[in-house]
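Participant: Sequence:
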Amino acid sequence: MTVRQLLATLLMMALIPVWPGTVQAQGQKLVKVAVEFRQVGTQSREAVGGSGGVVITEKGSVRPRGGLGADSRQTRVTSSTGIFTVVRNGGESTLSVATQVPYPQVTFFRDYATGAGYVATGVQFKDVGTSLKVRATILPGNQVRVSLTPTISHFSADGSGTIEFTEATTELVVPSGRPVVLGGATTQMHEVTRQILGFRQSQAGSETTIVLTATVQ
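Letter by letter, the sequence shown follows residues 0 to 216 of numbering that gives the first Met the number 0.
Hints are computed from structural coordinates only; laboratory data are not their basis. All values derive from a computational prediction rather than experimental measurement. This list has only true hints and no planted wrong ones.
Straight-line Cα separation of at most 30 angstroms, DSS-like style, residue types lysine-lysine; simulated pairs:
(1) K132 with K31
(2) K132 with K28
(3) K31 with K125
Working from the sequences, and respecting the hints, build out all of it.
Facilitator: Rendered as structure tokens:
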């Protein structure tokens, strides 16, 4: 092959068009979407109790006796659960980290023709854990449009066997790499007990905050 033929071949190869799909695959951007559930629980207790009695001596005299006790205690518990997924620009992703647990189910059936009814019991499996469904689109100005539904579920702390869950569905535009608070839930409890010689007051509260961070990879 002569030098002129070699140059002509290289020129033809340079003019061959590249498939658009190949260019998009090489330049495709990804978005990492992380959701953190921050839960803070506080519990305080203050109690004052008194006791008394009467002592009768051998000579018949009376001598009173009394005592006073105080109790003060405060507990603060902080827990954090995080979940993240990577989604392509304009795509959708679903991630679930959960455990299936048996949950009793009671159903009442009624026959309206005869007026009779019966109760059927069974076991249904529930997912307890965290899940995240997200769609992300990269916008100009290093911003990301995110549509997501995070869910977290757990057993109730009172030991009753019930399942509590927190869910949020939203669509918003966030700066890349900057944490944004989506929302949360708060619970407060105040209990006061009075006795003849005592007083007890207890307070408990919990706050769950959902934080979103979307980062362009």
